[in-house]
Amino acid sequence: MSELVAAEDVLLFVNAAVTATGQREFRSSAAEQRLSLAFLHEYVRVNYRPLYASCLALDINDHNAVLVAEHLLRTPGEAGDGEGRLIAARLARTAPQRVYRLFRTLRGAGVNNRRTRAIVREWLAARPDPALDAVKYRAGVKDALRHAHLPAADAETGDFLFAPGRRTRYENRTLEAYRRAHYDENALYALPFTVAEGFAAKHGVERKVFLERIAPRMTRLERLRSERAAGRPAGASGLAVMPLTRLALYVLGLPFAERAARRAELTEALRAAARRAAGPYAGSWGRVAAVLDDSFSSSGSAVKRRRPLAVALGGHFLLEALAAPGSYTGLWTSGGTDPLLVRPYGPTPLGMRILDALDTGPERLVVVSDGWDNAPPGLAGEVLRVWRTRLDPERRTAVVHVNPVYDAGVFDVRRLGPSVPAVGIRDAEDLPALVEIARFAEGRTGLTELRSYLDRRVADFLAEHAREKAEREKKAKAAGEGAGT
Amino acid sequence: MTRIDLTGLEVRPSQVWGGIRLVPLVRAEPVEGLRLHREVYGGGARLDDGGRDCGYASSPGPSSPVDVGDGTVYTSYVPHGFVADWSGEDRETAAYGTRLGDGSPATVPVRAPHHRLAKLRRGERRLRFLPLHLALEGYLALHFGGPPVLWEEWSREALRRGLSPRAEAAHAGVDVPGLAEALRVFEVHPGQCGVLVYAADALAAAFVVPHPEDYRLLHPTLVEDLYGELVHQYAHYGGPVPAFAARIRDGAGGIRDLADLRAAAREQERRWAVAHDGLMARDLLETTYAFERVHRAGPFALYRFLPPFLRDGREQHIGELIADRKGRTAYLKTFRLSDAQVRRGYLLRRLAFQDWHLERTAGELGIVRDELVRRIRAAGFGGLLDANGLARAARESQEG
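Residue numbers (our numbering), protein chains in the order written: chain F, 252 to 736; chain R, 89 to 488.
One or more hints might be untrue.
Taking lysine to any residue and the SDA-like style, the derived pairs with C-alpha atoms no more than 25 angstroms apart in a straight line are [claimed, not checked]:
id, chain 1, residue 1, chain 2, residue 2
1, F, Lys555, R, Gly266
2, F, Lys453, F, Phe413
3, F, Lys555, R, His307
4, F, Lys393, F, Glu422
5, F, Lys555, F, Thr518
6, F, Lys555, R, Glu269
7, F, Lys720, F, Pro379
8, F, Lys555, R, Val273
9, F, Lys555, R, Gly106
10, F, Lys555, R, Ala268
11, F, Lys728, F, Ala377
12, F, Lys555, R, Pro308
Just so you know, the hints here were simulated from the structure itself, not pulled from any lab data.
Could you build all of it, start to finish, from the sequences and the hints given here?
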């Protein structure tokens, strides 16, 4: 019994860690989300520490990954084997601004044990360009160095951070550009976009000119954002490399007229992204039916605008790619048939749509919804329960509910019913991996299977990290030798 | 006409948030020929978020009925308490009583503090209703015109101005706990033309408009609408109400294939509608009201209605209604009266019934005149009585 409860708790935590970002959702405020999430982290850490740590190897979102790392580092007394390696591996693939923020949080909390210092040291050592970090995340780098009692990467960067008046010029190009940008307008185009923006304002550079000249220095997302702000459509090259959910969000942000005008281009881009995400699984799922939620609640909140709808849209194209060719049916709750022109409007009659989907006789039924089935409430759960007990006891059809919204009140994603496995989802492209987890959520597999699954994921994760690290070192060595000769 | 007839409006499953239950009413077809006055639409074409024109474009000029542009002509209406610049003099006033058809509505000026608020919001072109404690001042007064004959006991003020102005206690919707949130997360049905608002499963208000587009526009303003103290208390002290979750009975042999399952699911939807009309909205729909026709425009007529003011524990609603020739409701707005208001209404009704003659009313109620006067004072209508007249009448009756 306790085994089943443990498995359930861990799955609940995984669902939360995948979906919750501590931001406002359609039905709960940011404060509610954070409070609920903080409790959940503490509960799972205290009761299932090894499993809690191994969640770092799963596709949980960055917000939660950083929270897990923080919780683990704050309580070194209970630490188990291999935690440090997991944390280091996870931080290596987390966005640097989040990691610097984590280091500052640790500093604020007075966490400065040996393990923490080692992790900070290793992470900083692996940064590809310390001078760029010093310019872009100046305060964060300073705090991290101070906190872990580390010397800066080199003498120049150290002076730049801690004694900015000491040198009249720097050898490093980035640092020198930063120094010159104070008085030389042309120097700012060698700086990262966020830093250059401040200097551009200082020099009164016209926004349009600035955006054009800084374009090569922008990250991909910065370019996308500024292109849209400037009113230019994103270039086809941008669309071709965007991940599926990001692309779906981009499409949903366009006005209807533009979506209709660029229909062929956008559909092709979405299909290509879905094929990339499906990878080896493409075409392997057989007959698939999907019920996709485009009710009003899929509009998300001001900070997660249309996120649930974007996941549904991404899911639509991904499932199309996963299904055997021509045997996919996607049903929107609004009854719409044009996925490109969806908009969040109307109630959520999930029950009726699920019936329509079951009519097609699928091998897999995927429901993408926030779980607030309200027309009438609870019908979806009832339909699936009766279907499972009366009409399909042999389980010919596998049903899974993927839910993009964390419900703060129940510490989990909202379920359609006890018989329907529900998993949280953040990006549509994680869907194949999540469906794998969903079999644990049916409550028929125990903790042992779950533990072995997690162990396998941890081993894969660490191996991949080690490989990446070796590759990076090899490259650095080659670069060093190249510079030497 | 004695009852509210909601023919043409279907009940859809309720949506629950905390103690608030919202029951959507959906029309298969919008009511032809009646739309919100275009001033309410903000004087311009309204674009939805996708850039499609979903309202009707309007041309400048105050003439009504509304010409939509495609040749169709509408009669227009303005809901009670709606704030807009009716005179064209950059002065915002509130519609006093729902208005149907041509011309500007009777208005009351929006007083200074509200005026500033109105100025602030003008730029946003936001739909706005009068803060409704102000609107409610007029509600009972609208229904009771005051004494038509100058019996000497009533003051001249009462004769000239009726019962107005008189403040009735009501709460703005923003004060009703959970209501704003419930309205925000409510998922409007396609074709939805109305809503029934329940607080702790007691009917707080009913709101019906002729066209879904009007409803979408007015939905957020329900927060600013007025709700009685009863509703406020229920929402405050009542716990969360349960959603009426669907239950499919699947006893042995009950459901053999998907068609059976579908039929059972449909049955669930139908049962909710029946249960709702028979159980939850019964007091609203089955009470006999006293309807008074106020205005007629085209095929539509505007009514004000009063409950029977029976003190039998049933819900008592007061409100305004626009009906077509067959008596079907095109527009409806109700306000639930608290027990104190029911008592006051009962008194006013008895007085009105006897043409505001104190002696006769007292006789009908089976009490002496002084007791009636005491009751009028206790109900807060003392200001309407004339002390001199009362004294003289008392002397005369003693002498007589």
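Structure-based check of all given hints:
1. Proposed proximity of Lys555 of chain F and Gly266 of chain R is supported: the alpha carbons are some 23 angstroms apart, at most 25 angstroms.
2. For the suggested pair Lys453 of chain F and Phe413 of chain F, the alpha carbons sit about 24 angstroms apart, so the restraint of at most 25 angstroms is met.
3. A hinted pair counts as satisfied when its Cα atoms are at most 25 angstroms apart, and Lys555 of chain F with His307 of chain R qualifies at roughly 23 angstroms.
4. With a CA separation close to 20 angstroms, the supplied pair Lys393 of chain F and Glu422 of chain F stays within the 25 angstroms bound.
5. Note on Lys555 of chain F and Thr518 of chain F: the hinted pairing holds, with a Cα-Cα distance of about 23 angstroms set against a maximum of 25 angstroms.
6. Pair hint Lys555 of chain F plus Glu269 of chain R holds up; C-alpha atoms about 18 angstroms apart against a cutoff of 25 angstroms.
7. Simply put, Lys720 of chain F and Pro379 of chain F have alpha-carbon atoms about 12 angstroms apart, close enough for the 25 angstroms limit, and the pair holds.
8. Straight-line distance between C-alpha atoms of Lys555 of chain F and Val273 of chain R comes to about 15 angstroms, which keeps the hinted pair within the 25 angstroms bound.
9. In summary, the hint linking Lys555 of chain F to Gly106 of chain R is supported, as the alpha carbons are separated by about 24 angstroms, within the 25 angstroms threshold.
10. Restraint check: the Cα-Cα separation between Lys555 of chain F and Ala268 of chain R comes to about 21 angstroms, which is no more than 25 angstroms; the hinted pair holds.
11. For the given pair, Lys728 of chain F sits about 13 angstroms from Ala377 of chain F by alpha-carbon distance, which is consistent with the 25 angstroms threshold.
12. For the given pair, Lys555 of chain F sits about 22 angstroms from Pro308 of chain R by alpha-carbon distance, which is consistent with the 25 angstroms threshold.
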